[in-house]
Structure formats: structure tokens, C-alpha cells
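Asker: Chains Y and W, in that order, are what the protein sequence lines are. So for the first sequence, the UniProt record's numbering puts the first residue at 1; every next one is plus one. So for the second sequence, the UniProt record's numbering puts the first residue at 1; every next one is plus one.
Source of the hints: derived by calculation from the structure; they are not laboratory data. Mixed in with the good hints there might be a few duds.
[Unchecked claim] Think about it this way: if two alpha-carbon atoms lie no more than 30 Å apart in a straight line, the pair counts; the simulated BS3-like pairs of lysine-lysine are: (1) Y:Lys-440 x W:Lys-566; (2) Y:Lys-580 x W:Lys-566; (3) Y:Lys-63 x W:Lys-59; (4) Y:Lys-49 x W:Lys-59; (5) Y:Lys-656 x W:Lys-50; (6) Y:Lys-566 x W:Lys-479; (7) Y:Lys-397 x W:Lys-566; (8) W:Lys-59 x Y:Lys-50; (9) W:Lys-580 x Y:Lys-580; (10) Y:Lys-504 x W:Lys-580.
In this text the structure is predicted, and so the values were computed from the model without any measurement.
Number of protein chains: 2
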Amino acid sequence: MEGVDHLADERNKAQFDVDDMKIVWAGSRHAYELSDRISRLVASDPEFKKDHVTSLGRKELFKNTLRKAAHGWKRINELGLNEEEALKLRTFMDQPSFTDLHWGMFVPAIKGQGTDEQQQQWLPLANKMQIIGCYAQTELGHGSNVQGLETTATFDVKTDEFVLNSPTLTSSKWWPGGLGKISTHAVVYARLIINDKDYGVHGFIAQLRSLDDHLPLPGITIGDIGMKFGSAAYNSMDNGLLRFDHVRIPRNQMLMRVSQVTREGKYVHSSVPRQLVYGTMVYVRQIIVFDASVALSRAVCIATRYSAVRRQFGSQNGSPETQVIDYKTQQARLFPLLASAYAFRFAGEWLKWLYTDVMERLQAKDFSTLPEAHACTAGLKSLTTSVAADGIEECRKLCGGHGYLCSSGLPELFAVYIPACTYEGDNVVLLLQVARYLMKAISQLNSGNKPVGTTAYLGRAEQLMQYHSDVLRAEDWLKPNVVVEAFEARAARMSMACAQNLSKFNNPEDGFQELSADLIEAATAHCQLIVVSKFIEKLQQDIPGKGVKQQLQVLCSIYALFLLHKHIGDFLSTDCITPKQGSLANEQLRSLYSQIRPNAIALVDAFNHTDHYLGSILGRYDGNVYPKLYEAAWKDPLNDTVIPDGFHQYVQPLLKQQLRNARL
Amino acid sequence: MEGVDHLADERNKAQFDVDDMKIVWAGSRHAYELSDRISRLVASDPEFKKDHVTSLGRKELFKNTLRKAAHGWKRINELGLNEEEALKLRTFMDQPSFTDLHWGMFVPAIKGQGTDEQQQQWLPLANKMQIIGCYAQTELGHGSNVQGLETTATFDVKTDEFVLNSPTLTSSKWWPGGLGKISTHAVVYARLIINDKDYGVHGFIAQLRSLDDHLPLPGITIGDIGMKFGSAAYNSMDNGLLRFDHVRIPRNQMLMRVSQVTREGKYVHSSVPRQLVYGTMVYVRQIIVFDASVALSRAVCIATRYSAVRRQFGSQNGSPETQVIDYKTQQARLFPLLASAYAFRFAGEWLKWLYTDVMERLQAKDFSTLPEAHACTAGLKSLTTSVAADGIEECRKLCGGHGYLCSSGLPELFAVYIPACTYEGDNVVLLLQVARYLMKAISQLNSGNKPVGTTAYLGRAEQLMQYHSDVLRAEDWLKPNVVVEAFEARAARMSMACAQNLSKFNNPEDGFQELSADLIEAATAHCQLIVVSKFIEKLQQDIPGKGVKQQLQVLCSIYALFLLHKHIGDFLSTDCITPKQGSLANEQLRSLYSQIRPNAIALVDAFNHTDHYLGSILGRYDGNVYPKLYEAAWKDPLNDTVIPDGFHQYVQPLLKQQLRNARL
Ligand SMILES: Cc1cc2nc3c(=O)[nH]c(=O)nc-3n(C[C@H](O)[C@H](O)[C@H](O)COP(=O)(O)OP(=O)(O)OC[C@H]3O[C@@H](n4cnc5c(N)ncnc54)[C@H](O)[C@@H]3O)c2cc1C
Ligand SMILES: Cc1cc2nc3c(=O)[nH]c(=O)nc-3n(C[C@H](O)[C@H](O)[C@H](O)COP(=O)(O)OP(=O)(O)OC[C@H]3O[C@@H](n4cnc5c(N)ncnc54)[C@H](O)[C@@H]3O)c2cc1C
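Work the whole structure out from these sequences, hints included.
Answerer: Below, the structure written as C-alpha cells:
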């Protein structure tokens, strides 16, 4: 049956041009072609096979990863891939390794925080991987609270050096990827101390290991922090620990783009605006939002295809059973996640624009939109990663028992993805930042400080406080302005309610603490409004391709009405809509599920994931699930022998009642 | 610092007697002493150490498990443990193995479905583990739909045998634990065929492997189905696949307690009621609910203790930072889970009673409460396992980055627990059964068929449709009857609304399909009502111990009001409460969090988990987290050598720019 497309019927049902949708998903024809080409390149290279990694022990897995990382680098050089292509190649390799941190954090940190000279000194080495770097910020005792880091960098004016030191156990660096076994260098964050004065946390470039024999340099203790969630997942990465015992580095290894220490030990600011850091944050978080859409799209692709293959119950007079994708409960769990994947994609696209906008303004020394951009990206990072993480697990459950097998691809996808909820800002801590920003925006409403960007609607707060939805029929919920207004009114009222409750406290900080759970709900409402609005704005653009825009409209409505249904309590308690209007939305949602159903397979095909990248037998493009599951099972190491290792020693004596004498 | 209790201050804050609470949690003094004794026995036996299992490859892990299983059996015999004690010992070993299925499914299946003779024939062998059995029901193609199984057992009247056969690939048995490598026997479910007539699915005892050399018997293909979620988790179990090629077994190996095949090939029913099967289901699901409370309690214990150890932000003038447990967001995420663990415990206790009640009635041929008991246990199984699974992951997130380490115990707890959402009935499929039962109960309201047990409130539907909460002040929400009435009204109205919508369909089955997402919400509301009610009923009993009942009252209110807040949309849209009353509930909830805060550590101490069983450095009893995390890291196999295996081969050539020539 090799070569048969078991999902051909499903593909024929589609009411839109899937090739055009692929380009919309990718963002441009260029992006599509790039991804398509590189993903196939990786998929067709046997060196990148990954289907057996889950059964390896830690050392084997790590070695396997080193081999792939080196092979990837070799191919990048042989093929002369540019930066964009090389990044894609690493992405599609789909196995976390030290190279991720080298390219994703070490190099950007030097680019962002290093002076021109520093960049000239370090980047050529890093770009050729003659040195390998990591990003050493988090410590055993401090992650979220970066200002609380304990590692010190004390300036010694006599020798013109900084002395890096780990004064306490909790000051040990802990978590940096690539640190444990591989990195030769690190950007280390430490408290700058000059003449006993603490200038707060700054970045330093430190060499960790000898370039000759790879041994840690004197005064440096390094190790791996041990196993993490999942079988392979992030265990291919050497997240590490690091301690300094009075290690000296030259003064010019402090990253000095924004502030500098002079030869005499004077601390000075350069002319480069400090706000630049926020620019970098916007950049990194935009990528995270984009990645959230990718991770979710992979899970949704697997669950959707398998739900069309899997049949259970409902056979009548010998007819085939019902495809589980036809059950309304399955649809109500799956299709909102499909819609979310698209929604986050467009939110990510918009964030990319925002980043450019912010950077242009920074150049022009216009910092006015920066706080809003910062709050907005913090919020979207939090929202999208949380939904993606939960969504992957929901997709796994949607696959029933077989979803629990690593060969489904879903367990490892979950395990490798979830740290995104924690790194680059714990999701709850981030939402609190958003809430703080919203409260500030509201407190300034009367002072003529008009809220900008994604908070502009708060400027219409008075009007929104009067709002009552005028929905009369289920179809009314398909109108973009009806939806946006309801979401604006809900978000505004939740924030206003918080602001009002806060005003009852004498000490605003006490109030903020006490009400923080409510504040998080208000922040969430605000972020959901952003995603809904950006999806709708996307649809106001020209989108070519037969039926493409229509499908996206359906997805957009599903996304919004699903949220409305899920958070109906918010809408009702703020009196934005009536219970009747809520149930009309629910009715509309059901009908949208039916509309999307015939297009579901084509909509996940549009993600253009290769079978290699999906790494899932349940999600195979051809739907040939059962024979391949059966085949794959035999490859488990336990099946190498008929009688498992340990049987004769431990189980046979038990069966033969000889256990008492057996040496265990 | 060894021996110092870093959480002593926290323990001193407690306002109740933790030893008394331990007994309430355990259910009785006997249960407490048993658990306490056996858990310490296991914890103190170095053979049962489990802290390094996550870094093992599949084969090593499996061998490690065989050793522990054999050692466990040896200790059980040496110490002459009774059945109850032996079960506890296996539980506290905390590593899934073939013995779980042998004792948990194989033996009970023979007890429940075998005739007296069959029990006499097989149980002595099984009880001594001279044979090892598993439970082979699920196939590659069918899990939820048991009636769709394809394996056949065809009666051959000539030889007085059944011929077991796997006619299709999808008929391969797939998933049974213990099957892949160890079991010598299985209870196999197959379609009984006599003279070409299909009598549906029945159970058969089949020998799979030779008791001499352990090789599969002729005609039998067996293997392991491969890696599953997590590092170690369920990978210590040999979930297996099994195919029969016309394998013959004697007629008396069909389990014949309820129906029989005679020597002549006649299919007859015995006098034993078929409903017995439901009794077994109630039994198994009661255990699952109980296990849900245990699993959740472990996660909550870890997250609570670590939240008291972890400090982040909020240092003023050099004072220590804030314990993260003092953040209201942390409390709003953590304390409802703490309350849920207790709530599920009491729900499980009540189900135990229900099981006895059902069995007594069965003896007396009273089947009247059976459908209700069945629906109720299905619902509670679904509700509690879903909440426990999500709750474990939430607890992991509550621990920030360190929760992602296996040494936190949480990743593996999640990975090993989540199948409970799928086996013994997929949670969504189960809720649909509950919904079906509710709709039936409502349809019979006018026919004088009074709803019984947990659905009795539907008998007061008319009255509940008139209900409006009379809450005026936040404290009113502390009154049990106020809470129960609101939950009853909400559940009744949601079910009634579904029933009304269903009545609009010509074909009720079409309606049920179309509205199934709403039906699931109604079923959930019903199940939550049960848990709330049973918690409240528990508190109407005499509960000795200083302050114990008071704490439980707070937890009960937290459980109920948290649900009310989370599902506020249900309460508002059904017009049971007003938005104002909803926000009063929320206000009360905040104050309850403050009340429970000083007792939080003692409340998780009351679970009486040993450090061995918790398997978590973050959750250590003594709170000595950081030094132990640091110590544990060094034990990872990657730290065996300073230079990792693969470095010279793959990374050094890269650093030295010699990659082009290197043989990768
Ligand atoms: C896989 C992985 C890779 C990583 N890679 C790197 C790396 O390469 N380099 C690096 O430097 N670091 C890395 N990290 C570390 C990561 O950045 C931190 O774990 C992250 O910042 C979270 O901080 P934390 O662990 O201190 O969480 P904590 O702050 O300790 O969080 C614990 C709990 O406290 C709550 N909390 C904390 N503060 C507040 C507050 N003010 N109000 C309310 N609640 C609060 C949180 O919500 C959470 O529930 C990595 C982490 C992981 C898991
Ligand atoms: C760790 C583990 C151990 C196991 N151990 C054993 C064992 O020892 N012995 C054994 O025999 N089996 C075992 N099983 C198998 C287990 O019992 C089945 O996986 C389980 O019954 C679920 O069935 P399924 O896999 O067919 O799910 P499916 O029914 O295929 O579920 C797939 C999706 O379809 C949906 N769905 C299915 N039917 C309907 C419907 N009518 N309406 C709406 N939605 C529907 C589900 O909700 C789910 O989202 C084990 C499974 C696991 C994961």
C-alpha cells in the first residue's frame, strides 16, 4: 500500500487552494520557498533521522546530538547557506543543541550590547564557530528577578580587570543551554562592583574552557544540571551550572555599548539609549510568538490528520465506523486550536512589523511607543505560549491512547515546547507587567496622556462603558466590528473595574498584590483582544487565492467566538452581552465547525510540515497510520531480543519460586 | 546544614493538629499506619532507589524495573505481607511494572469473570506468580469501542477448543501492560464465534509464552510497542502488541461466570447477573478517583513546599525577598489544587461506600441504583483525572524553571499519570455517557420515575428553575446550603436547557451529536456538584482533632468558590446568581486564600508522603532545596567525564575548522 494517500478523499473535499494558503501561512512566497526547500533538504538527509532518539540513554543522546550539530554545520558550509537558510536548517533538524544558544543568544547579545570594537573582536570568531558561546544569566537562586542575581564582577583598577566570582551557592549559574559540556565562552550577567559600589547587573564575555584541551579554565567549575522533562526533548541540550572562583577577565570584556567602565574605574553611560534593551526584547518575543504558532500547528496537524484516519463507534450494518473528527466534541476541542495556530501566526507577523517600527523610532530617539510595545509583546508572549503548551497536550489527548506513544510525536513536542512558558519571562510575571501597564494607562486617562497602539481603545473607555451588544441573530456574530467591540468593551471594563478596586487601597502596591489574580484576568482579556483584532486586520488586506480568504474568515470567527464562549463569564459579568447573545454565539460556533470540517485536512496541509519535521506516525501525510505504527514498534531496543535482559536473572527465579535463593 | 528543617517556621504557623489531619487524609488510623509503615519500609531500602532512572536508556530502565519487581516480591514473601500491605509496597515502589497488571487486572478479571472451577484452577498459580498475566483488550484499531474488537475466538466443536485469531492488522492487541516482554498468560478479549454466529466480545485465558524457555508459543507474535511519554515514567512497563495465528485453547479457558459455551457449542447464560460487570467498573473507577487525589497531592505537596522556599523579588533594604507562596497569583493557582486534592479524597471515600452499597444490592438482585452508580463513577473518573493531570502540570509551572528538571519530580509524575485520562474510558467518552444518563433521567421526570442518588436533585427541577441566590454579603458564600443550592440550580438548568434543545430535533441521536459539546458542559456541572456535595457531607460528620475541621471547611469553601469563579459564565447565563454575587464569591475566595496560607505547609505534610515517594528535591520535607539540587546535578551520566563522549569526534573539528575533512 506504500504510496497510497489514505487522506486523498479528505483533500478532495477542500474548498480552497491549498498552495495559495501555504504562502499566506509562510508569510510570503520567499518565506514559503525557503522553508520548503530547507525542510526537504533536512528530511532527505539520513544523518538527520530522529525517530529512535527517544529510547537513547542520556550520553548516547548527547553524542547523537553533537554528531547532528556538526553535520548540520558541515552542510551549511558545503552548501554555502546564508544566515536565514542556516537558521531554517537548524530549526528543521528539530533537536535542541548548543548551537541554538550560540546563534540565538550569544551572538545576538554581543551584537546588541557590544561596542563596535567588541563586535569586531568577537563576531568573526563566533560566526565561524571558532568559539562557541552561551548565555549565562539565570542562577540557582534567581531567574525572574534578574536584578537579584548574585554573581559579582569586581573591577580591579590595579590590573585593569574584572574579577568574576560566585559568592554563594545560590549564585551558581544554572540553566544556560550549551554551558554544561560544550561552550568555550559565555555572556555572563553579574553585578558590577567598583570601589565597593554596586552598579547592578551587566553583561560580560568570559572564556570558560581552554581552546586547546576543552578543560574548564582555572577557577571555573562547570557541569550539566541533569535530566529534564521528556525522553529526548531538551535532554539533547547541556543546560549547565557554572561557578567562578575569582576568575579574572580583561576590562574590555564587559559589554559596553550602553554603559562603560573606564581605565580609572569610572562608570559612564554612552550616548546609545538604554531603551535599546527593550528593542531586543520585542525582537526575541516576536520570535517566540511565531514559534508558538509553529509548535501549535505541528500538534494540530497531527491531531487533525489522525482524527480523520481514526474511526471509532457508529458503524451501522457493517458500514465503516465514524471518523472521530466528525464528533462534535472532537471538533469543539480541535478546531479552536487550528484557528489559534492561524491567529498566532498573524499576531507574530504583526509583531514583526511592530519591531521594525519600534527600531525606526528608536533611531529617531522617539521612545513614546516603547512601553506599549513592551507590554504588548510581553502579553502576547505569555498568551500564545500558554495556549500552545496546553494545546499540544490537548492534541495528544485527542489522539486517544496512541497519542501517548512517542511515535505519535506529541509527547516530545510537549516536553520540548513547555519551557517557552517559563523562559524569557515567566508567563504569570509577564501578565502582571501587562496589568501594571494597563493600570498606568487608565490612571493617566484624565491627564490627557492618550493611550497608544494596542491600548488605544482605552481612550474610548467612557463610550465602551456604555456599550451593549446589539446582536440579534447568530449570524450577527460573524461581523468583525460586532466582535471587536464586544472584546474591547469586555477588556476595558475588566481593566476599569480593577482600577476602581485598586483605588480603594491606601497603598497602591498592596492593592496590586491583593488584586493580582483579577489583574491577570484583565490582562488576558486585553491580550486576547489584540490577537482577535490583528486577525481581523489581516483579513482586511488583499489575500489572493481561491477560497483562501473565506477559510481564514471562518477561522477568525471560530477563534473569536470560541474565546467568547470560553470566557462567557467575563462578557456577562461586565454586562457586555446578554445570556441570549452568548448562546447565539455558541450556535454560530457550531455551524462554523461544520463549515471548517471539510477543509480541515487541507488547512493543516497548508502548514507544509514534512513528515520528518512532524516526527509523527499519527500525523503522516499519507494517513497510513496502522502499518507504520506496527512497523515502528519493532524498532524499540526492547525488541532487539525475544527474551529481555534481566529476565533470567530476575523474573525466571520468581516464576520458578526460587527467588529466596536468588542473588538480586 | 544536614538535619536542619528549613520549613520549621512554616510548620509552626499551622493552626491545626497535623497528626490528626493525617488520619483524616488516610481515611482511618489503620490506613494511616499501614501507609506510614510500608512507605518507610520502601524508602529505607536502597534497592528501591529511583533517583537515577530518568537518565537510563530503555533496556537499562527495563532491567532496573525487573530487578525492583523481583526484589519487591521477595520482600513481600520474606516479610509475609498480606494483600493490602503488598499492594502498598508496590505503590510506594513507584515504578510501573508488569506486576501492576498482573495484580490489578489479570487476577481481578479471573476473580470477577471466572467460574469457581476456573478460579480454583488459575488463582493459586497467579497468587504465587508461577504464571504472570496481563489484560489484553485494546487493539490497534479499537480502544474506546470495545464492541468493535476484531480478534476472534472461534469454537471448534470437533476438538472442544477455541481458535484465537487476529484476522487483520488492526486486530493486533496493542497497549496491554506487561504483555510485551514478561507475561506468560493473558486474559484476551475476542469475539466469540460459534457456527459462524458472532456472540460479541468475551474474555479468554490464553497462555502466551512457554513456562520453560519463555519463548512465545507457536502461532503467537509478541513485542513491545515502543517508547511512551516521559524519561522513565511508563517506559518501565512493557506495553505490548500481540497477534494470534489460529492459536488453540481448551474450551474451559473462556471466562464463563456469566455466559458459557457447552461441549456441544451451545451459548448459554448462567444465573449470575450480567450487571456484575458494572460492579467491577464501579470498583476500578473508585480506585482511579482515589489515585487522582494521591497524584494531585504529590504535585501540590512539591509545589507548596517549594513555593515557601523560593523567594523572588520584593527585597526591601536588604531584607529577604518575598516567598513566592505569598504572591496572590501563586495562591490563586496553588490553593484550589490543594483543595481539590482533599475534595477528591473524600469523593473517593464516598465512592468506596457506593461500591459496597451497589454490591449488596446486586446480591439482593436490586439493580435499581446501578445505572446511576455507573454514570456517577464514570463522571467522577473523568472529572478527577482531568483535573489531576492538568493540576500536576500547573504545579510544575508554579515551580518556575526548576520545575522542568526531572529532579523536581514533576515531569515524571505528569508523564506517568496522564494515561489515567485515557484508559478505563476516555474522559470525553465517559462524560458523554453521563450526559446520556442525565438526559434520560430528565425525560423520565414526568413518568413518575424519580431520579435517585446523585441525580435526586433533578427531582426538584421545577423548584430549582425558580431559584435565585439570596447571597448579600461575601460571608454568605461560606454557608454550605447556599453553595449546594447554587451548584444544584446551575447543573439542573444546564441539563434542562440541553434537554429542551434536544427536543427540537426530529432524530434524538442527531440532536445528541449536534449538541454534544454543550452536553459535556452540563455533565461537568453535574459532576462538580457531586464533589462539592460529598465534601460538604463529609464535614457534617464528626471530625476529631484540634482545628482539623476548620481547615477542611476552608478548603471546602475554596474548592466550591474556585469552581464558581472559574465557571461563572454557567452561573450567570443560567441566571442562578448575579454578577454582584459572583464578585462577592471572588472576594470571599481571596480572603480564604489568606486564611489557608499559614496552614499550607502543614496541610501538605498531612499527606504524609516520604521523600522517596515524592521523588522531588523541590518538595523535600526539610526544604533544603538548593544544596541538594546542586548535589544531584553531578550524578547525571553526562558529568561522568569532563569532556563528553563525542566531543573529540564532532565538536573539536568544528572549533578547529577541520570539519570539512572530518568523518562524521
Ligand atoms: C529549558 C530551559 C532553558 C533555559 N535556558 C536558559 C539560558 O540559556 N540562559 C539563562 O540564563 N537562563 C535559562 N533558563 C532559565 C529561565 O530563564 C528561568 O527559569 C526563567 O526566567 C524563570 O525564572 P525562575 O526559574 O526563577 O522562576 P521563579 O521566578 O522562581 O518562578 C516560580 C514561581 O513564582 C512565581 N513568581 C515569581 N515572581 C513573581 C511575582 N513577582 N509575582 C507573582 N508570582 C511570581 C512564578 O509565576 C512561578 O509560579 C532556562 C530555563 C529552562 C526551563
Ligand atoms: C499507558 C496506557 C496503558 C494501557 N494499558 C492497557 C492495558 O493494560 N490493557 C488494555 O487492554 N488496554 C490498555 N490501554 C489502552 C486504553 O484502554 C485505550 O487507549 C483507551 O481505552 C482509549 O481508547 P482509544 O485509544 O481507542 O481512544 P479513541 O477512542 O481512539 O480516542 C480518540 C479520540 O476520539 C474521541 N472519541 C472516541 N469515541 C468518541 C465518541 N463516541 N464520541 C466523541 N468522541 C469520541 C476521543 O475522545 C478521543 O479524543 C492502555 C493505554 C495507555 C495509554
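Asker: Quick one: which hint numbers does this structure break? Sort them smallest to largest.
Answerer: As far as the earlier hints go, not one is violated by this structure.
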